[in-house]
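S.K.: Take a look at the letters that make up each chain.
Number of protein chains: 2
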Amino acid sequence: MNKLTNIQQILKQMQIDAALITDPHNVFYLTGFNSDPKERLLGVMVFAQAEPFLICPAMEAPDAKAAGWMGEIARHTDTQDAMHILYETSNKRKQPMNSIAIEKAHMTVDRYDAINRYFQSPEIHAIDDQLNAMRVVKDEGELDILRHAAGLADYAIEVAAQTMREGMTEIELMTEIETALKKRGITHMSFDTTVLTGPKAASPHGKTGDRKITKGDLVLMDLGVIYEGYCSDITRTLAFGEPGEQAKEIYEIVRRSEQAALEAVRPGITAAELDGISRSVIEQAGYGEYFTHRLGHGLGISVHEFPSIHGGNTMLLQEGMVFTIEPGIYIPGQVGVRIEDDVAVTNDGYEVLTKYPKQLTIINP
Amino acid sequence: MNKLTNIQQILKQMQIDAALITDPHNVFYLTGFNSDPKERLLGVMVFAQAEPFLICPAMEAPDAKAAGWMGEIARHTDTQDAMHILYETSNKRKQPMNSIAIEKAHMTVDRYDAINRYFQSPEIHAIDDQLNAMRVVKDEGELDILRHAAGLADYAIEVAAQTMREGMTEIELMTEIETALKKRGITHMSFDTTVLTGPKAASPHGKTGDRKITKGDLVLMDLGVIYEGYCSDITRTLAFGEPGEQAKEIYEIVRRSEQAALEAVRPGITAAELDGISRSVIEQAGYGEYFTHRLGHGLGISVHEFPSIHGGNTMLLQEGMVFTIEPGIYIPGQVGVRIEDDVAVTNDGYEVLTKYPKQLTIINP
Numbered sequence: 001m002n003k004l005t006n007i008q009q010i011l012k013q014m015q016i017d018a019a020l021i022t023d024p025h026n027v028f029y030l031t032g033f034n035s036d037p038k039e040r041l042l043g044v045m046v047f048a049q050a051e052p053f054l055i056c057p058a059m060e061a062p063d064a065k066a067a068g069w070m071g072e073i074a075r076h077t078d079t080q081d082a083m084h085i086l087y088e089t090s091n092k093r094k095q096p097m098n099s100i101a102i103e104k105a106h107m108t109v110d111r112y113d114a115i116n117r118y119f120q121s122p123e124i125h126a127i128d129d130q131l132n133a134m135r136v137v138k139d140e141g142e143l144d145i146l147r148h149a150a151g152l153a154d155y156a157i158e159v160a161a162q163t164m165r166e167g168m169t170e171i172e173l174m175t176e177i178e179t180a181l182k183k184r185g186i187t188h189m190s191f192d193t194t195v196l197t198g199p200k201a202a203s204p205h206g207k208t209g210d211r212k213i214t215k216g217d218l219v220l221m222d223l224g225v226i227y228e229g230y231c232s233d234i235t236r237t238l239a240f241g242e243p244g245e246q247a248k249e250i251y252e253i254v255r256r257s258e259q260a261a262l263e264a265v266r267p268g269i270t271a272a273e274l275d276g277i278s279r280s281v282i283e284q285a286g287y288g289e290y291f292t293h294r295l296g297h298g299l300g301i302s303v304h305e306f307p308s309i310h311g312g313n314t315m316l317l318q319e320g321m322v323f324t325i326e327p328g329i330y331i332p333g334q335v336g337v338r339i340e341d342d343v344a345v346t347n348d349g350y351e352v353l354t355k356y357p358k359q360l361t362i363i364n365p
Numbered sequence: 001m002n003k004l005t006n007i008q009q010i011l012k013q014m015q016i017d018a019a020l021i022t023d024p025h026n027v028f029y030l031t032g033f034n035s036d037p038k039e040r041l042l043g044v045m046v047f048a049q050a051e052p053f054l055i056c057p058a059m060e061a062p063d064a065k066a067a068g069w070m071g072e073i074a075r076h077t078d079t080q081d082a083m084h085i086l087y088e089t090s091n092k093r094k095q096p097m098n099s100i101a102i103e104k105a106h107m108t109v110d111r112y113d114a115i116n117r118y119f120q121s122p123e124i125h126a127i128d129d130q131l132n133a134m135r136v137v138k139d140e141g142e143l144d145i146l147r148h149a150a151g152l153a154d155y156a157i158e159v160a161a162q163t164m165r166e167g168m169t170e171i172e173l174m175t176e177i178e179t180a181l182k183k184r185g186i187t188h189m190s191f192d193t194t195v196l197t198g199p200k201a202a203s204p205h206g207k208t209g210d211r212k213i214t215k216g217d218l219v220l221m222d223l224g225v226i227y228e229g230y231c232s233d234i235t236r237t238l239a240f241g242e243p244g245e246q247a248k249e250i251y252e253i254v255r256r257s258e259q260a261a262l263e264a265v266r267p268g269i270t271a272a273e274l275d276g277i278s279r280s281v282i283e284q285a286g287y288g289e290y291f292t293h294r295l296g297h298g299l300g301i302s303v304h305e306f307p308s309i310h311g312g313n314t315m316l317l318q319e320g321m322v323f324t325i326e327p328g329i330y331i332p333g334q335v336g337v338r339i340e341d342d343v344a345v346t347n348d349g350y351e352v353l354t355k356y357p358k359q360l361t362i363i364n365p
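Heads up: the protein sequence lines correspond to chains V and Z, in order.
When you line the first sequence up against UniProt numbering, it's residues 1 to 365, in that order.
When you line the second sequence up against UniProt numbering, it's residues 1 to 365, in that order.
Hints in this document: simulated from the structure, not taken from any laboratory.
By construction, the Cβ of each residue, glycine as well, lies at the ideal position given by its N, Cα and C atoms.
Be aware that one or more of the hints could be misleading.
[To be verified] EDC-like cross-link-like pairs, simulated, lysine to aspartate or glutamate; straight-line CA separation at most 16 angstroms:
{"id": "1", "chain 1": "V", "residue 1": "K207", "chain 2": "Z", "residue 2": "D63"}
{"id": "2", "chain 1": "Z", "residue 1": "K104", "chain 2": "V", "residue 2": "E39"}
{"id": "3", "chain 1": "V", "residue 1": "K38", "chain 2": "Z", "residue 2": "D23"}
{"id": "4", "chain 1": "V", "residue 1": "K207", "chain 2": "Z", "residue 2": "E60"}
{"id": "5", "chain 1": "Z", "residue 1": "K183", "chain 2": "V", "residue 2": "E39"}
{"id": "6", "chain 1": "Z", "residue 1": "K182", "chain 2": "V", "residue 2": "D210"}
{"id": "7", "chain 1": "Z", "residue 1": "K38", "chain 2": "Z", "residue 2": "D110"}
{"id": "8", "chain 1": "Z", "residue 1": "K207", "chain 2": "V", "residue 2": "D210"}
{"id": "9", "chain 1": "V", "residue 1": "K183", "chain 2": "Z", "residue 2": "D210"}
{"id": "10", "chain 1": "Z", "residue 1": "K207", "chain 2": "V", "residue 2": "D192"}
{"id": "11", "chain 1": "V", "residue 1": "K182", "chain 2": "Z", "residue 2": "D210"}
{"id": "12", "chain 1": "Z", "residue 1": "K355", "chain 2": "Z", "residue 2": "D144"}
{"id": "13", "chain 1": "V", "residue 1": "K104", "chain 2": "Z", "residue 2": "E39"}
{"id": "14", "chain 1": "V", "residue 1": "K182", "chain 2": "Z", "residue 2": "D192"}
{"id": "15", "chain 1": "V", "residue 1": "K104", "chain 2": "Z", "residue 2": "D110"}
{"id": "16", "chain 1": "V", "residue 1": "K207", "chain 2": "Z", "residue 2": "E228"}
{"id": "17", "chain 1": "Z", "residue 1": "K182", "chain 2": "V", "residue 2": "E60"}
{"id": "18", "chain 1": "Z", "residue 1": "K38", "chain 2": "V", "residue 2": "D23"}
{"id": "19", "chain 1": "Z", "residue 1": "K207", "chain 2": "V", "residue 2": "E228"}
[Stated by the list, open to error] Cβ-to-Cβ under 10 angstroms is the rule here; a few derived chain V residues that face chain Z:
{"id": "20", "residue": "R111"}
{"id": "21", "residue": "E176"}
{"id": "22", "residue": "K182"}
{"id": "23", "residue": "K207"}
[What the hints assert, rightly or not] Computed list of chain V residues with no C-beta within reach of chain Z, every gap over 10 angstroms:
{"id": "24", "residue": "T5"}
{"id": "25", "residue": "Y112"}
{"id": "26", "residue": "G241"}
{"id": "27", "residue": "G349"}
Just chain V, with the same shape it has in the complex (with noise of 0.2 angstroms):
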């Protein structure tokens, strides 16, 4: 109970009634409670003076249980109006209601309305921010998690080094990956995992599809896994026989790049800082033009949160905070090179948790 004694202590700061907490990674976090309820009502209910309870669909009521939530539960079945639930067993608790706190980047103006249909139009204040800064920064536990999580990150490229063949489609190559992570029980990605071949690595956002490796192909490959509801994500950028001079000679920036941030990450240093040390060992180089992307973005329970690492955001680093150094130079229909690495902050520097060799690994083919 101790995150959610927190957000009490929030809500009294705020001098904000209560907070209805609906995006099921911020339930996640609160609560230990880890679904994903689609479209039907899944929150947390916190009151600045009473007890939380949970709202959840009826038939997902054991399985909170089971994952240790030992407040009350408001069940709701599809045929019922969950919103009205909320509002009665909100009730019963006799507290002011006159002003509530929501996740604003989350909930949908429907249970907007409904919120100020029933609870009759209080205050509405955004609780983003305070939840964002809450689990920004990660405790050992997390940490711990996160670098297990990173290890079977570590692990999918080795996969990918062992398996990929000339011949095999990208589509292949990432089945195989995908395959040997089922056996080690993953059952879920934290996004579409990405085999770029040749050319097609110089697209950022480049989809994974038929192309054929060859002999002399990079291959990017992007992906991570979801472990005890944490994500991990690394990005490795491989070459299929000997590679051109070219993308020998982008390779080496990039991992330059890559390092130096890697280097300069300690308490105290801004993200727009390590964003701009990566950057202008690219821009030295000549290929800043083709680095168009920020250099990382935060890690955790979802793939991409707080704090992001692009030249705008002043924010200091602190220690726990987890996130991705991602420099890569793209070179539209010839050559893309990525490198991307899982950081946590330490007290005096930094703590890579995934593994995998950074010098250019070339597979014989």
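Following the hints, complete the assembly by docking chain Z onto the known chain V.
M.R.: Below, chain Z without anything else, positioned relative to chain V:
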């Protein structure tokens, strides 16, 4: 542009100036551009009296054009305020913007706040029902795609029947199924593939896990593929070795219940009547309390869409509607059977899109 013209007509009839459509499934339906932009803004801005435009992340603009979008594209990058760009692009149309329609079941409150801020608190209307009404009736092109998607779901069950072995875990069987589909070019399932064995099949929302297939088990498989943006959804319950008498009895009741509902499908019957026909077979056999969910759900670009086939839905079925029929009996801790087909309403009856046989298949262990 036919579907967008239809939206313009709806706006004129409702006397609304413009609509901002941002649900990726609706954007795909209206424009043919299939993209999941995650937290980034993707939408079509439709005006009652002017040309629509697409708003999308800059890096996706080439994909939108490749998908056939011929109109204007308003691009935004990660460092820009996408709603501001939406506002400025709208302004150039020089249209009145006193009333704007949105999808209230999709739009988040922060975007709603931004619309109110930029467009100076216009009247906001919901356009969800109108979009659902358009999507609920499938045209011939959509039906062809849905048939193909259903055929791939049949193939998945065939693969499972040929592959299951004693001692194989649920996750292993799921992996075999998905690997076979990937070889046919299917990169996305329409939801998490479910394989439940023995007593686990008695949980309608059980999760694929480590239980091993054992002689005498019923093996319940619920899965579907996404093919050209459209979903299929099939459930078959197979016997691994000779099942017990109770399992056989229950299987036969569910099969009769499903068949009775299928045969009643025609234009003019209500969703509630269908649910009742199926349910009464199970009730008369004495198992009514163990059929704990609605009969089915609409199927199309979303795996759960309109019409919902439940006892409270008095909507008349029309030619071109596509939905699942999926009765089940679940006796906790003992046995579970569900049989699910995808069915389309024809001009005088029905067409079953999924074809895998429904007499009890007994796999020889």
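S.K.: The structure should be examined with respect to each hint, and the outcome stated for every one.
M.R.: Evaluation of the provided hints:
With a C-alpha separation of about 11 angstroms, the suggested pairing of K207/V with D63/Z holds against the 16 angstroms cut-off. In summary, the hint linking K104/Z to E39/V is supported, as the alpha carbons are separated by about 13 angstroms, within the 16 angstroms threshold. Annotation: proposed proximity of K38/V to D23/Z holds, straight-line Cα distance about 14 angstroms (limit 16 angstroms). Note on K207/V and E60/Z: the hinted pairing holds, with a Cα-Cα distance of about 12 angstroms set against a maximum of 16 angstroms.
In summary, the hint linking K183/Z to E39/V is not supported, as the alpha carbons are separated by about 32 angstroms, beyond the 16 angstroms threshold. Between K182/Z and D210/V the alpha-carbon distance is near 11 angstroms, which keeps this suggested pair within the 16 angstroms criterion. Taken as a hint, the K38/Z and D110/Z pair is honoured in the structure, with Cα atoms around 15 angstroms apart against an allowance of 16 angstroms. About 31 angstroms separates the Cα atoms of K207/Z and D210/V, which puts this hinted pair outside 16 angstroms; it is violated.
For the given pair, K183/V sits about 10 angstroms from D210/Z by alpha-carbon distance, which is consistent with the 16 angstroms threshold. Note on K207/Z and D192/V: the hinted pairing is violated, with a Cα-Cα distance of about 21 angstroms set against a maximum of 16 angstroms. A distance of roughly 11 angstroms separates the Cα atoms of K182/V and D210/Z; the hinted pair therefore holds under the 16 angstroms criterion. Note on K355/Z and D144/Z: the hinted pairing holds, with a Cα-Cα distance of about 15 angstroms set against a maximum of 16 angstroms.
At most 16 angstroms may separate the alpha-carbon atoms for a hinted pair to count; K104/V and E39/Z meet this at roughly 13 angstroms. The hinted pair formed by K182/V and D192/Z meets the criterion: a straight-line CA distance of about 13 angstroms does not exceed 16 angstroms. Straight-line distance between C-alpha atoms of K104/V and D110/Z comes to about 5 angstroms, which keeps the hinted pair within the 16 angstroms bound. For the hint linking K207/V to E228/Z, the alpha-carbon distance of about 15 angstroms falls within 16 angstroms, and the restraint holds.
Taking the CA atoms of K182/Z and E60/V, the gap is near 31 angstroms; set against the 16 angstroms cutoff, the hint is violated. With a C-alpha separation of about 14 angstroms, the suggested pair K38/Z and D23/V falls inside the 16 angstroms cut-off, and the hint holds. Distance hint between K207/Z and E228/V is fulfilled; the C-alpha atoms sit about 15 angstroms from each other, no more than 16 angstroms. Against a cut-off of 10 angstroms between C-beta atoms, the interface hint on R111/V holds, since the closest Cβ of chain Z lies about 9 angstroms away.
For E176/V, the interface hint holds, the least distance from its beta-carbon to any beta-carbon of chain Z being 9 angstroms, beneath 10 angstroms. Interface restraint check: K182/V against chain Z, minimum CB-CB distance 4 angstroms, threshold 10 angstroms, status holds. Because the beta carbon of K207/V sits about 8 angstroms from the nearest beta carbon in chain Z, less than 10 angstroms, this interface hint is met. Consistency note on T5/V: stated as away from chain Z, and its beta-carbon is indeed over 10 angstroms from all of that chain's, at 26 angstroms minimum.
Non-interface status of Y112/V relative to chain Z is broken: a Cβ of that chain comes within 10 angstroms, the nearest being about 5 angstroms off. No beta-carbon of chain Z is positioned within 10 angstroms of the beta-carbon of G241/V; the least distance is around 25 angstroms. Residue-level check passed: G349/V sits 28 angstroms from the nearest beta carbon of chain Z, beyond 10 angstroms.
Hint check: violations occur at hints 5, 8, 10, 17 and 25; the rest are consistent with the structure.
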